[in-house]
Structure formats: structure tokens, C-alpha cells
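Listed here are the chains, written in short residue letters.
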Amino acid sequence: MKYVEADLKVRLYTVRLYKVRLDSRAIITAIAAMAIVTLLAPAISGQQGFRRTPGAVYDRDFPGKKSGPAPRRDISGIWEFANGGAEGIQADGAKAIPSDGKPEHELPFTPEGRKAFTANKPTFGFTQVPSALTNDPMPGCDPQGFPRIVLHNAHHEQIIQTTTQVVILYQFNKKWRSIWTDGRKLPSNPEVPAWEIKDSPPPEARFWGYSVGRWVDDYTFVADSNGFDDRTWLDNAGRPHSDALHIIETYHRVDADHLEKTITIDDPKYYTRPWVALDKMPYRLQSASLEIPEQECVPSETAKYNQLFASPAAK
Amino acid sequence: MRRMLVTLASCVVLLSSALAAHHATAVFDLGKRLTLTGTVTEWFWANPHCLLRFDVKNDNGETTHWVAETQAPPNMTPFGWSKQSFAVGDQIKVTLEPVKNGQPLGRILQVLLPDGKTLVAGAPAIPAGGAQQ
Numbered sequence: 001m002k003y004v005e006a007d008l009k010v011r012l013y014t015v016r017l018y019k020v021r022l023d024s025r026a027i028i029t030a031i032a033a034m035a036i037v038t039l040l041a042p043a044i045s046g047q048q049g050f051r052r053t054p055g056a057v058y059d060r061d062f063p064g065k066k067s068g069p070a071p072r073r074d075i076s077g078i079w080e081f082a083n084g085g086a087e088g089i090q091a092d093g094a095k096a097i098p099s100d101g102k103p104e105h106e107l108p109f110t111p112e113g114r115k116a117f118t119a120n121k122p123t124f125g126f127t128q129v130p131s132a133l134t135n136d137p138m139p140g141c142d143p144q145g146f147p148r149i150v151l152h153n154a155h156h157e158q159i160i161q162t163t164t165q166v167v168i169l170y171q172f173n174k175k176w177r178s179i180w181t182d183g184r185k186l187p188s189n190p191e192v193p194a195w196e197i198k199d200s201p202p203p204e205a206r207f208w209g210y211s212v213g214r215w216v217d218d219y220t221f222v223a224d225s226n227g228f229d230d231r232t233w234l235d236n237a238g239r240p241h242s243d244a245l246h247i248i249e250t251y252h253r254v255d256a257d258h259l260e261k262t263i264t265i266d267d268p269k270y271y272t273r274p275w276v277a278l279d280k281m282p283y284r285l286q287s288a289s290l291e292i293p294e295q296e297c298v299p300s301e302t303a304k305y306n307q308l309f310a311s312p313a314a315k
Numbered sequence: 001m002r003r004m005l006v007t008l009a010s011c012v013v014l015l016s017s018a019l020a021a022h023h024a025t026a027v028f029d030l031g032k033r034l035t036l037t038g039t040v041t042e043w044f045w046a047n048p049h050c051l052l053r054f055d056v057k058n059d060n061g062e063t064t065h066w067v068a069e070t071q072a073p074p075n076m077t078p079f080g081w082s083k084q085s086f087a088v089g090d091q092i093k094v095t096l097e098p099v100k101n102g103q104p105l106g107r108i109l110q111v112l113l114p115d116g117k118t119l120v121a122g123a124p125a126i127p128a129g130g131a132q133q
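Chains as they are written, first to last, in the working numbering: chain A, 1 to 315; chain B, 1 to 133.
Certain hints may be false.
Unchecked claim - The calculated lysine-lysine pairs, modelled on BS3-like cross-linking and capped at a C-alpha distance of 25 Å, are:
1) A:Lys315 with B:Lys100
2) A:Lys304 with B:Lys117
3) B:Lys83 with B:Lys100
4) A:Lys280 with A:Lys66
5) A:Lys174 with A:Lys261
6) A:Lys121 with A:Lys315
7) B:Lys100 with B:Lys57
8) B:Lys57 with B:Lys93
9) B:Lys83 with A:Lys315
10) A:Lys304 with A:Lys175
11) B:Lys100 with A:Lys121
12) A:Lys280 with A:Lys102
13) B:Lys32 with B:Lys117
14) A:Lys315 with A:Lys185
15) A:Lys185 with A:Lys261
16) A:Lys175 with A:Lys185
17) B:Lys100 with A:Lys174
18) A:Lys304 with B:Lys83
To be verified - Footprint (simulated), chain B over chain A, 3 or more residues, beta carbon under 8 Å:
19) 118-129
20) 232-243
No lab work stands behind these hints, which were simulated from the structure alone.
Glycine included, each C-beta is placed from N, C-alpha and C at the ideal position.
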């Protein structure tokens, strides 16, 4: 597309408009054209942003088709966002409450939490800075951790259920988490745990937290996590968390093809009340033979990118 | 009829700019478009962003070394891009959104290849600066 030429044509046409007599036919034509384009805009926009992983299926592939009943106590499988891969990209922060300056998206910071948020320098969101000035832990390929893995640039997940765990494999950096389902409790203080299981090591602060889960009904699995290392960010917009972070993760199997995920942030040191970061995010079950793409943070490649692009772009 | 077509084209161009501009990043001159013809010197298929390096000669024979980014490989393959998309020496026509500071840097919107095919970069939904993979 020749943007330069196209822009020029628009300007020339605008100039000519002043010279012609604007009869009613011209006005009606212009209004009709605007109406058509306005109606088409969402379709154009959707096509531009739509990515399809080879072999993946999305809700748009099955218009009007009703899914079968949900299996009981089963969230296993390979999952992708039901409306396309781009749905998981949360450049400006957690999808349910992005950092966009809108009053309704203001987080309930405590004074300590606001101080931590102000100290973070993200490259996106309402408080963004040029990339050369960021203190985001991710560019150097430091661990993204949980929940940022699902609140930033989220992609495929594969969920595996065993007799003692729900294991989630994440596309990004080929990371995984274990959610214990053997009845153990969260350690009340991850630093000094009153540990119940002799053969397991006590948990220390972790990038991925410590997680236990349970079925609250036949179609809803809830996980609680704590024991987080406070160096990670919650999302791409620099929302902070303290070492008191507690996360509630809800997976609801809606039907045979769909799973909804909700993430609630509960961090009394940094936030005055719990808040929802991901709200019933719909995923669609993929073929068991779908290959999850490789996506790695590579320090040497990042260094070259910063040298050739990020640093000179910020000068 | 001609009047209607021109009006329609104007609306499309104006709306396209609006659609592209909602992906805000700090370093880019949002909405600005440059179309450059040049020769590929490197295609770096990498994280967090792929980089296409190419040389552009002006009318005086002076060469500018451009570096243009795309998103990470897993975000490009669904749009038909690959490690083999470019070879050194390829003559290409790149449409990009340049950075604000005037350096020969930008993010790719599309590239016209020597064989006449066009690679489109898709929605520039992911931030720059290594913060995104």
C-alpha cells in the first residue's frame, strides 16, 4: 500500500472539495460511503489483528455450532484463546483492567503499593517510558513468573491432570507450574512454613509461587497461590506485587470446547482490596495433535536488538 | 461514481490510520508512514523482535543503513513470515512506521518482495524495547 501517495490524494481531494459545488447528491454519496466504511471497520480491524497458529481452531470456525456438554472434573488439553491468538496479548496491562488512565481502571493501591508502582518504569501502559529507560525485569530475560505469564503476552497452554497435580505448560519460554491437588494446604508463611509433608522441601519465595487447587464443583477448579518473589511484575504495565501476594485462579469448564479463566489479585500490602485481572477469559480446546510454537527469551538476541534498535530509537 | 470512489478511498485511508494508531508505543512516530526501496543486508529472525537491515540509496548516491523491526517469530509465522523470508541482496520495498527521533529505524508494516509478493506484518500490537517476546 502506498501510504504516502494515498495521503497526498486525500489532501488533494480535500482541497478540490472546496472548489466544487456541494450539491445534495454529493453529500448523500459521502454520507453513504462513510456509513459503509464504518460498518466494515470492525471486520477490517479484526482481519488485521487475527493470527492463526497452524492447525489451531477458534470460535469463528464454528459459527452457530453448539458445543457438547462439559466433561466432569476435566480441564486437561491444549488450550488457545477462543477468539484468536491476539486475544492473549495484553500490552497495556491485565486485560480486565488495563493501564490506560481511565478512572475505572485505577487500581486500589495502598500508599506502599503506589510507591512501588511509581518506581516501576514499564514500556507500555499509561506510565510508559522509552525502552532504554525501563527497569522491566523481562527484557534481560529474567523470569516472567506467574501471573505475568498469563497477564502479558499469553499464548497456548497445555493442562495435564495427574492424581496429585494439575500441571500447566505455558508456551512462553516453555515454562510450567504445578498446582497440588493432594489435599495439602498453602503454607501460612512461605518463609517459615509449618510444613505438613515430610518429603517435600519447604517453599521459599518463588518466581512462580506455590500453588494448591481443588474442585469446588464438577466443572470449576480453583487454585490458590502464594510464596511469590516480589521482583516480578504482575503485568506489562508495571503493576507491582509484594511478597504477601495471594492469587486466586478459577477455571470453569463451560462445555466440551470451552474453558474460562479468572485471575484475582489479593495483595493486602499493595492493594486495599482484591481485584480481578482476567475475567472469565474464554479459551477453546485444540486438537490433541496441535504443536505449541516455540517462543524463547534469548539473552544474546535481546542484546543485539537493544544495540541495533532499542537504544538508538530512544536517543 | 468517481466522486463516490474517491470519497470511499478517503474514508478508508483515514480509518486505517486510526486503527493502526491505537497501539501506542513511546518511540514511534505514530501514524507516520514511509515507503523505502532498498537492498537487504541482514534478516535477523530472533526474539524479542526480528530485525530487517537494508540499505537505501538516495539520488546523490549516499547510502542509509536502515533497521526495521517486526514482532517475534511466533507472532510472524501465522502471517506467512519465516527465517527464509529474505536473503542478503534482495531488492525490497518496505513500508514502515519510523521512530520519532529521526534515526533510520522503524517498525515494518509490509514488505514488497522481489517476486512481487507482499508480506504484511499484521497488527503492531506488541511493544518494542525487549519487553515483549
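Is it true that the CA of Lys100 of chain B sits at most 25 Å from the CA of Lys57 of chain B? holds (21 Å)
The stretch 232-243 of chain A covered by chain B? Criterion: 3 or more residues, Cβ-Cβ distance below 8 Å. Not satisfied, violated; 1 residues make the cut.
25 Å limit on alpha-carbon distance, applied to hinted pair Lys315 of chain A and Lys185 of chain A: violated (51 Å)
Lys174 of chain A paired with Lys261 of chain A [C-alpha distance capped at 25 Å]: holds (20 Å)
Under a C-beta cut-off of less than 8 Å, do 3 or more residues of the stretch 118-129 of chain A approach chain B closely enough to confirm the stated coverage? Holds: 5 residues of the stretch 118-129 of chain A have a Cβ under 8 Å from chain B.
25 Å Cα cutoff - pair Lys280 of chain A, Lys66 of chain A: Holds - the C-alpha atoms of Lys66 of chain A and Lys280 of chain A are around 19 Å apart, at most 25 Å.
Does Lys280 of chain A pair with Lys102 of chain A here, judged by a C-alpha cut-off of 25 Å? Holds. Lys280 of chain A to Lys102 of chain A sits at ~21 Å (cutoff 25 Å).
For a C-alpha distance cap of 25 Å, please report whether Lys100 of chain B and Lys121 of chain A respect it. Given pair Lys100 of chain B, Lys121 of chain A holds - Cα atoms ~20 Å apart, limit 25 Å.
Tell me if the straight-line CA distance from Lys175 of chain A to Lys185 of chain A falls inside 25 Å. holds (24 Å)
Can the restraint linking Lys83 of chain B and Lys315 of chain A be considered satisfied, given a maximum Cα separation of 25 Å? violated (30 Å)
Check the hint pairing Lys185 of chain A with Lys261 of chain A against an upper bound of 25 Å on the C-alpha distance. Roughly 22 Å separates the two Cα atoms, so the pair holds.
Please work out if Lys315 of chain A and Lys100 of chain B have their alpha carbons no farther apart than 25 Å. holds (10 Å)
Violated hints for the displayed structure, listed by number in ascending order: 2, 3, 9, 14, 17 and 20.
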